[in-house]
Amino acid sequence: MTRPDDAVILVTGGSRGIGAACARALAGDGWAVALTYRTSPEGAAQTVRDIEDAGGRATAIELDVTDAGGIAGAVEAVGTTLGGPVLGLVNNAGVRADDLAVSIEDDAWDIVLDTNLTAAFRLTRQALRGMVRARFGRVVNVASVVGPRANAGQANYAAAKSGLIGFTRTAATEVARRGVTINAVAPGFIRTDMTADILQNGAIDAIPARRAGEPDEVAACVRFLASDDAGYVTGTTLFVDGGLSA
Amino acid sequence: MSSTTVTAERVEQVVYQALESFGADPAEFSREATFEQLDVDSLDLAELSQIAEEEFGVPLKGDDVKGIRTVGDAIDLIVSRA
Numbered sequence: 001m002t003r004p005d006d007a008v009i010l011v012t013g014g015s016r017g018i019g020a021a022c023a024r025a026l027a028g029d030g031w032a033v034a035l036t037y038r039t040s041p042e043g044a045a046q047t048v049r050d051i052e053d054a055g056g057r058a059t060a061i062e063l064d065v066t067d068a069g070g071i072a073g074a075v076e077a078v079g080t081t082l083g084g085p086v087l088g089l090v091n092n093a094g095v096r097a098d099d100l101a102v103s104i105e106d107d108a109w110d111i112v113l114d115t116n117l118t119a120a121f122r123l124t125r126q127a128l129r130g131m132v133r134a135r136f137g138r139v140v141n142v143a144s145v146v147g148p149r150a151n152a153g154q155a156n157y158a159a160a161k162s163g164l165i166g167f168t169r170t171a172a173t174e175v176a177r178r179g180v181t182i183n184a185v186a187p188g189f190i191r192t193d194m195t196a197d198i199l200q201n202g203a204i205d206a207i208p209a210r211r212a213g214e215p216d217e218v219a220a221c222v223r224f225l226a227s228d229d230a231g232y233v234t235g236t237t238l239f240v241d242g243g244l245s246a
Numbered sequence: 001m002s003s004t005t006v007t008a009e010r011v012e013q014v015v016y017q018a019l020e021s022f023g024a025d026p027a028e029f030s031r032e033a034t035f036e037q038l039d040v041d042s043l044d045l046a047e048l049s050q051i052a053e054e055e056f057g058v059p060l061k062g063d064d065v066k067g068i069r070t071v072g073d074a075i076d077l078i079v080s081r082a
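Line by line, the protein sequences are chains A and B. Numbered by the working numbering, the letters in the first sequence go through residues 1 to 246 in order. Numbered by the working numbering, the letters in the second sequence go through residues 1 to 82 in order.
Fair warning: there could be bad hints in the mix.
[Claimed, not checked] Across the chosen pairs, the derived CB separations fall in these ranges:
| id | chain 1 | residue 1 | chain 2 | residue 2 | range |
| --- | --- | --- | --- | --- | --- |
| 1 | B | F29 | A | G243 | 53 to 59 Å |
| 2 | A | A72 | B | G23 | 27 to 33 Å |
| 3 | B | E20 | A | T39 | 31 to 37 Å |
| 4 | B | G23 | A | T39 | 55 to 61 Å |
| 5 | B | Q13 | A | G55 | 17 to 23 Å |
| 6 | A | D205 | B | G62 | 46 to 52 Å |
Hints were generated in silico from the structure; no laboratory data involved. Idealized CB from N, CA, C, for every residue including glycine.
Make the full structure from the sequences, and use the hints.
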């Protein structure tokens, strides 16, 4: 089964960084793109304009992905707005709240797990309903090299991202025969607002490629995993990290 | 949807259509046929629950369908909830 022409893909955290790059790349590949934002309506509007200027279709919707009650409505709303079934999902929205495990407060643990892991599960659960019925779907979870690889000071983030990879693998096997694929990408250090502080602390020296990655380099992998070409790829994690985890 | 518009015959029709879309062989369809015999698995039952909800407004949770074994069980469950 190939992607229907009117298929919609939902990209969470699409107002900037990796999410915005994914939204642009997926629109360039023919998806109608719905991107969610929480704190940056300006960034979301700019991403939508970029896509429309390039001849694509996009809409932005405000959504706190940790708001369990808002998820079902959001998935339905973007399908209605863009006039097609939501057959793609990129779980990209993420937060960090770094500290040593010995010092992580419960709040900092909860918000990182809720945003990076639980929200991805809830959105996937909701989106899978339509995908399974349509016999086509693409879910791409934006995990991290942190999780599979240790990074002191990010035990909560590592737990969430490792969990996301485990979720990806198992959920993928459950729906594979319905033409639905679920994969993850695991970015290393990518040049975004979220990593500016890390990159200033000499992290580059540890990367075999000796440079930070660009959001577009992650987006290219997401675009592939969401494409018809990747129809036989499921349950896997594609590392986009300049060799950091090699 | 009100219960007056949901008939057992209509439920049976929707259930058989769903089973056929899952790849089950219509020649083996009967109320007594088990899902195991029809090679209908847990994902199929999850989808059947979704179809029942959309068609008849009957929300079926995972625990509801865990107890059903035959096609007749499924039809009776949906009819009883509609």
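Exercise. Checked against the structure, which of the hints given earlier come out wrong?
Worked result: Hints 3, 4, 5 contradicted; others consistent.
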